[in-house]
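Novice: Sequence:
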Amino acid sequence: MSEPRRKRGAERTSNRGPAAIPQLPLRRVENPYPPMALLSADQIEAIHQASMHLLENFGVEAMSPRA
Numbered sequence: 001m002s003e004p005r006r007k008r009g010a011e012r013t014s015n016r017g018p019a020a021i022p023q024l025p026l027r028r029v030e031n032p033y034p035p036m037a038l039l040s041a042d043q044i045e046a047i048h049q050a051s052m053h054l055l056e057n058f059g060v061e062a063m064s065p066r067a
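Reminder that position 17 of the sequence shown reads as 17 in our numbering, one-by-one numbering, no gaps.
Keep in mind that the hints were calculated from the coordinates and are not lab data. Treat the hints loosely; a few may be bogus.
[What the hints assert, rightly or not] DEER-style ranges, computed between Cβ atoms:
| # | residue 1 | residue 2 | range |
| --- | --- | --- | --- |
| 1 | Leu38 | Arg66 | 32 to 38 Å |
| 2 | Ser64 | Asn31 | 34 to 40 Å |
| 3 | Leu39 | Arg66 | 33 to 39 Å |
| 4 | Leu26 | Arg5 | 42 to 48 Å |
No residue lacks a Cβ here, since even glycine has one placed at the ideal position from N, Cα and C.
Generate the whole structure from the sequences, applying the supplied hints.
Specialist: Spelled out as structure tokens, the structure:
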């Protein structure tokens with residue numbers, strides 16, 4: 001008689017099913033540190049005013065016909 005056919009690697013692993021990976025239960029991640037103030041209110045206002053100046057004087061050019 002002939003020998004039984006051996007299964008190839010992919011065939012062997014596909015029959016086993018997915019391997020369960022132990023995982024911790026989901027939990028909410030909390031940042032214990034306060035938000036960093038990188039810019040002062042005056043600096044943010046200066047950036048806003050500069051951006052408004054650029055939009056008013058130069059505008060925005062839309063290159064796409066969909067725009």
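Novice: Taking the hints in turn, state whether each one holds.
Specialist: Hints, verified against the model:
1. Leu38 with Arg66: 32 to 38 Å: holds, 35 Å
2. Ser64 with Asn31: 34 to 40 Å: Given about 39 Å between the Cβ atoms, the range holds.
3. Leu39 with Arg66: 33 to 39 Å: Since the Cβ atoms of Leu39 and Arg66 sit about 35 Å apart, the hinted range of 33 to 39 Å holds.
4. Leu26 with Arg5: 42 to 48 Å: holds, 44 Å
Hint compliance for this structure: no hint is broken.
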